[in-house]
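To convert, note that position 121 of the sequence shown is 121 in this note's numbering; the numbers rise steadily by one, no gaps.
Simulated from the structure, these hints should not be mistaken for laboratory data.
This one's a predicted model, so the numbers in the text were calculated from it and none came from an experiment.
Hints are supplied without guarantee of correctness; some may be wrong.
As the list claims (entries may be wrong) - Calculated lysine to aspartate or glutamate pairs in the DMTMM-like style (CA-CA distance at most 20 angstroms, straight line):
1. Lys155 <-> Asp204
2. Lys235 <-> Asp276
3. Lys286 <-> Asp340
4. Lys188 <-> Glu214
5. Lys71 <-> Asp102
6. Lys125 <-> Asp68
7. Lys29 <-> Glu65
8. Lys300 <-> Asp327
9. Lys188 <-> Glu213
10. Lys188 <-> Asp204
11. Lys346 <-> Asp331
12. Lys346 <-> Glu288
13. Lys346 <-> Glu314
14. Lys370 <-> Asp327
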Amino acid sequence: MKKSLLATALAAVIFVPAASAIEIYKDDKNAVEIGGFIDARVINTQGETEVVNGASRINFGFTREMTDGWKAFTKLEWGVNPFGNSEIVYSSESNFESQSGDFLNNRLGYVGLSHDTYGSLTIGKQWGAWYDVVYNTNYGFVWDGNAAGVYTYNKADGAINGVGRGDKIVQYRNGFGDVSFAVQAQLKNNSFYTCENLPGLSTDCEERWNNNEESQEVDYGYTYGGSVTYQATDKLVVTAGVNRGEFDVSFHTGEQITAVDLIYGAGVTWGNFDADGFYGAANFNKNENHDTDNLGRLIKDSYGIESLFSYKFENGLRPFISYNLLDAGSDYVIQPNNVDPNDVFKRQFVVAGLHYVWDANTVLYIEGRKDFSDFSSADKEQEARMSISEEDGIAIGIRYTL
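Kindly generate the complete structure, drawing on both the sequences and the hints.
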């Protein structure tokens, strides 16, 4: 059991989230794989119907057999946008694509060493240890959960604080018996700008900062994280983890604060989403100064819940339903600010869908989202701007995996 669980832990660092790959070259020492998928969908939301890209991607994996049981490996992955840009923002991937005209964008890039006994060490842009805790509910194709603390800073990729596809991470993984673990340090310093989208002011936060207009400069330093996975039975998996960072915020008024970014939580999974039969998963987290609201304002504390349940039939049909909640309550924006303390942030929605798994590499799907969020504010224009990216929607599509 120890060896099989360790193999799973080491495979996770190379292949999370799981995807098939084609081996295109192999000799006694080297192997090369190519993987990814193309996903095209038609979505109706926010009063628009468009053909949009569904987080299409391509990746290359290289493995080299070394001496004494060691392997060297690297993985490179790019997001691919073959269908053109869209202004509809409904997920972390669509948020990125709406801001970029690039055909390719960097998703992952890391290099590492692994050994069946001594574990693996990787360096680069990679999935954070926190993702091990909450990945189990991230199987809907169209709408991210956005409550598990992964896609932080208003549906970005989690690069800043190392909880999603984190930048500049050094990560170690290993496993013993039924337990595997990951620990990491994110060795980087980021400076960036945040601001609220206000009438009459530029949407370029750095420009507003330079003009001494409403905005904030954030200096973000190192982060640290870890996770533990317990394979209780062949079907039952329990996860737990934590991620911590620290940053300084300077306001255009001259005020400054130092804040700790902290998230911790646990998850539970039953079954395998791609296997026939029942699959169920849920996770819970508490966080402080970890994410922003839909207008880019830092949230001082909140809690998140994600859950997903599905059943895959032998004929390839896989219905599923998921529930997601990120609740910050009222008076939630980090101080100092001029935000009405009665403003509310509660992201809450249900996604239901039906996948037809034609074969292991081709899936037809339909998914719909019903929103139950509460962004109550005396400023109705602000409330509308908070709500637009959370609107109800429906999408149909096809995912072709390489």
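Results of checking the hints against the structure:
{"no.": "1", "hint": "Lys155 <-> Asp204", "in the structure": "18 angstroms, holds"}
{"no.": "2", "hint": "Lys235 <-> Asp276", "in the structure": "12 angstroms, holds"}
{"no.": "3", "hint": "Lys286 <-> Asp340", "in the structure": "24 angstroms, violated"}
{"no.": "4", "hint": "Lys188 <-> Glu214", "in the structure": "27 angstroms, violated"}
{"no.": "5", "hint": "Lys71 <-> Asp102", "in the structure": "34 angstroms, violated"}
{"no.": "6", "hint": "Lys125 <-> Asp68", "in the structure": "27 angstroms, violated"}
{"no.": "7", "hint": "Lys29 <-> Glu65", "in the structure": "5 angstroms, holds"}
{"no.": "8", "hint": "Lys300 <-> Asp327", "in the structure": "11 angstroms, holds"}
{"no.": "9", "hint": "Lys188 <-> Glu213", "in the structure": "28 angstroms, violated"}
{"no.": "10", "hint": "Lys188 <-> Asp204", "in the structure": "24 angstroms, violated"}
{"no.": "11", "hint": "Lys346 <-> Asp331", "in the structure": "12 angstroms, holds"}
{"no.": "12", "hint": "Lys346 <-> Glu288", "in the structure": "15 angstroms, holds"}
{"no.": "13", "hint": "Lys346 <-> Glu314", "in the structure": "38 angstroms, violated"}
{"no.": "14", "hint": "Lys370 <-> Asp327", "in the structure": "17 angstroms, holds"}
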